[in-house]
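Student: The task is simple: from the sequences and hints, build the whole structure.
Each chain, written out:
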Amino acid sequence: MLKHFFKLSCLLLFCSCAFTPHIDKRTYQTSTVKNEVSNKQSISIMVSGDDSNIVGYIRNGFGTETANIEVPQTKKNLIQTALEQEFTAMGFTIDSNSPLRFLARVKQVEVELAQEEGKAGYYAICDLQAYLKQDSKILERNFVENDKIDSFWAVTATEGITTFYKAINKCSNLIVSEVSKRLKK
Amino acid sequence: MKSFIVTLLVLIFLSGCATRRKVLFNKQTGDRWITVDNANEFLTEKEKEFLKVK
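Chains A and B, in that order, give the protein sequences. Numbers 1 to 185, taken from the numbering used here, label the letters of the first sequence in order. Numbers 1 to 54, taken from the numbering used here, label the letters of the second sequence in order.
Hints are computed from structural coordinates only; laboratory data are not their basis. Don't take every hint at face value.
[To be verified] Calculated lysine to aspartate or glutamate pairs in the EDC-like style (CA-CA distance at most 16 Å, straight line):
#1 Lys46/B - Asp50/A
#2 Lys52/B - Asp135/A
#3 Lys137/A - Glu49/B
Tutor: If you want it as structure tokens, here you go:
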């Protein structure tokens, strides 16, 4: 009886990693490259959409979700923080009363387990629908960036979150760059 | 019979952390800014309030 109990305990321990939520405590870090806009401008930023802090799932071999991958902020607040940091790094001033207004709607911001060509890893995507109000005109554009990590060896959820933040960093930088180019026209 | 059941359980449990999911992200950034003619159709009330759409 004790032998069977021991075997069952070992089996439960082997699969425990699949059922434990991964809660990552890191927050978004801005890129260190700073560029200055020629005329310092103020901008007001708003993010709408997904209010969840679950950014992915640990899945078993059958594709079933077994545990959450979570970050400290909700996706909406995370994108807001990322955009404010990147616009500030570019020389903009964040001002809620600014006539120049930028709205980002979260379409798909997540990290997903993936397997391809014998490797396992994570794909992260940041897909935002953006609206820019300049003078009395409203302009619209979709911004998508992704990042991935894969390996023949085990890739942890921690590395998945690093990939997730890289995708957000790339998307935020692209948005700031394109908005700056638009304003120069 | 017992050893067969145990082997089966071991195989099921060991698949716990494995992944068999292929994800393709083919989306791309739009190539240009597009002027929105009728913002009322695409925006929520809060978004309209933020963008000061009448």
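Student: Now tell me, hint by hint, if it's right for this structure.
Tutor: Results for each hint:
1. Lys46/B - Asp50/A: Roughly 14 Å separates the two Cα atoms, so the pair holds.
2. Lys52/B - Asp135/A: Answer holds: Lys52/B to Asp135/A is near 11 Å, not above 16 Å.
3. Lys137/A - Glu49/B: holds (15 Å)
No hint from the list above goes unmet by this structure.
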